[in-house]
Amino acid sequence: EWELLYFCLVCLEKMHSQFHPVMSECCDLWVTIVRSLLHPHPWVKQVSSRIINSTFSRLDPARFASQKSENNTFLIAEQGILFDIVKNLCQQLSVDDEQQVDPVSLLAIKNLTWAAQAMVASPELCFKDNDDAG
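All residue numbers for the sequence shown refer to our numbering, where the first residue is 967 and numbers rise by one.
These aren't lab readings, by the way, just hints derived from the structure by calculation. Here a beta-carbon is modelled for each residue, glycine too, at the ideal position from N, C-alpha and C. Worth double-checking, as some hints may not be accurate.
Pair ranges (Cβ atoms, derived) [as the list claims (entries may be wrong)]: (1) D1063 - R1029: 30 to 40 Å; (2) S1032 - E967: 37 to 47 Å; (3) E1064 - Q1033: 34 to 44 Å; (4) L970 - R1029: 36 to 46 Å.
Make the full structure from the sequences, and use the hints.
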């Protein structure tokens, strides 16, 4: 059940490494990647986190929203996705100790560190239009 999603994400990861500007424009694809952070299988969580981390590592969290970049398109175009990423990463870390997987947890912490800085710098990107920011 998890294998198909895992191998699709691995293919996307390879495509992202070569064509990241094109992939960053595919908002629906990124919504699926973010949802995959909650999949029960650790390999699916890990590859989803790696793809997100690859994007985050290309951007400065303090200035990414104000910079025109082909790498940040989905983070700006898909309102609230930054919040969804943080929420899903926190859920990854909130599992019982027996279910913790070190590589998944390490990537979650790296991604949360970047996302927290980005949320402080650009809080307007954390909410969808119909969400209440206050």
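Please write out, lowest number first, the hints stated earlier that are contradicted by the structure. Of the numbered hints, all hold.
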